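**Student:** Residue strings, one per chain:
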Amino acid sequence: GENVEQHPSTLSVQEGDSAVIKCTYSDSASNYFPWYKQELGKRPQLIIDIRSNVGEKKDQRIAVTLNKTAKHFSLHITETQPEDSAVYFCASSTGTASKLTFGTGTRLQVTL
Amino acid sequence: GAVVSQHPSWVICKSGTSVKIECRSLDFQATTMFWYRQFPKQSLMLMATSNEGSKATYEQGVEKDKFLINHASLTLSTLTVTSAHPEDSSFYICSARDHSPTGRLNEQFFGPGTRLTVL
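Going down the list, the sequences are from chains A and B. Residue numbering for the first sequence follows this note's numbering, starting at 28 and increasing by one per position. Residue numbering for the second sequence follows this note's numbering, starting at 162 and increasing by one per position.
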């Protein structure tokens with residue numbers, strides 16, 4: 028089955044700096060790659076996603092890049108703010124089953 | 162739109178009892194729902210895929226007789242943890258896909274989760 032690795036497990040940045048989280052996946056048939064933000068005790072919230080026919084997608088301070096050849100995708104957050112502090116999960120799925128395989132998570136801490 | 166609710170939000174029970182958790186899609190029909198379990202400081206692990214009108218598909222290592230799933234309508238799936246034990250204490254989260262023509266392919270909408278504590 029699909030395996031998703033995520034790095035780093037923790038990331039501390041100063042407010043205003045950029046943060047980058049990277050994931051690799053194993054199943055070449057995967058074609059949907061969402062990123063979720065989860066605050067303590069809350070549900071995962073979709074912050075951005077990308078499909079396999081696109082190499083990059085941006086939404087204000089958040090961007091995601093996808094390299095299908097290398098089977099990895101990355102989340103980029105620019106101009107980080109304290110409210111960006113949370114755990115971020117990457118995930119992948121294939122078109123038919125649609126079940127998500129999650130990465131191990133990255134705890135992002137944005138310090139003042 | 163695309164709201165998923167769960168009930169209860171938290172439950173405490175004694176070891177050996179059964180607990181039922183409900184997952185509802187409030188404003189869309191979901192032929193497929195998913196159940197996840199999340200232990201503290203860990204990732205979400207898919208337990209099973211719930212299919213309306215048919216048997217659920219369980220992931221490897223998940224006991225189907227212990228975690229009973231029923232998806233009797235297009236808006237409701239239930240997870241029953243039978244004979245719960247302390248090791249079943251966890252955060253259980255459901256999600257649902259919007260299969261309508263306006264729904265985004267693959268996107269899942271998550272419920273708020275249910276925290277189960279077994280004493």
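FYI, nobody ran anything at the bench for these hints, they're computed from the structure. Take the hints with a grain of salt, since some may be wrong.
25 Å max Cα-Cα, derived SDA-like pairs, lysine to any residue [what the hints assert, rightly or not]:
# : chain 1 : residue 1 : chain 2 : residue 2
1 : B       : Lys202    : A       : Gln136
2 : A       : Lys49     : B       : Phe200
3 : B       : Lys202    : A       : Glu110
4 : B       : Lys225    : A       : Pro35
5 : A       : Lys95     : B       : Ser204
6 : A       : Lys69     : B       : Pro262
7 : A       : Lys69     : B       : Asp226
Computed from a prediction, not measured in an experiment: that's the story for all the values here.
**Student:** Each hint: holds or not?
**Tutor:** Each hint, compared with the structure:
no.: 1; hint: B/Lys202 x A/Gln136; verdict: holds (15 Å)
no.: 2; hint: A/Lys49 x B/Phe200; verdict: holds (22 Å)
no.: 3; hint: B/Lys202 x A/Glu110; verdict: holds (19 Å)
no.: 4; hint: B/Lys225 x A/Pro35; verdict: violated (34 Å)
no.: 5; hint: A/Lys95 x B/Ser204; verdict: holds (24 Å)
no.: 6; hint: A/Lys69 x B/Pro262; verdict: violated (29 Å)
no.: 7; hint: A/Lys69 x B/Asp226; verdict: violated (28 Å)
Going down the numbered hints, you'll see the structure goes against 4, 6 and 7, while the others check out.
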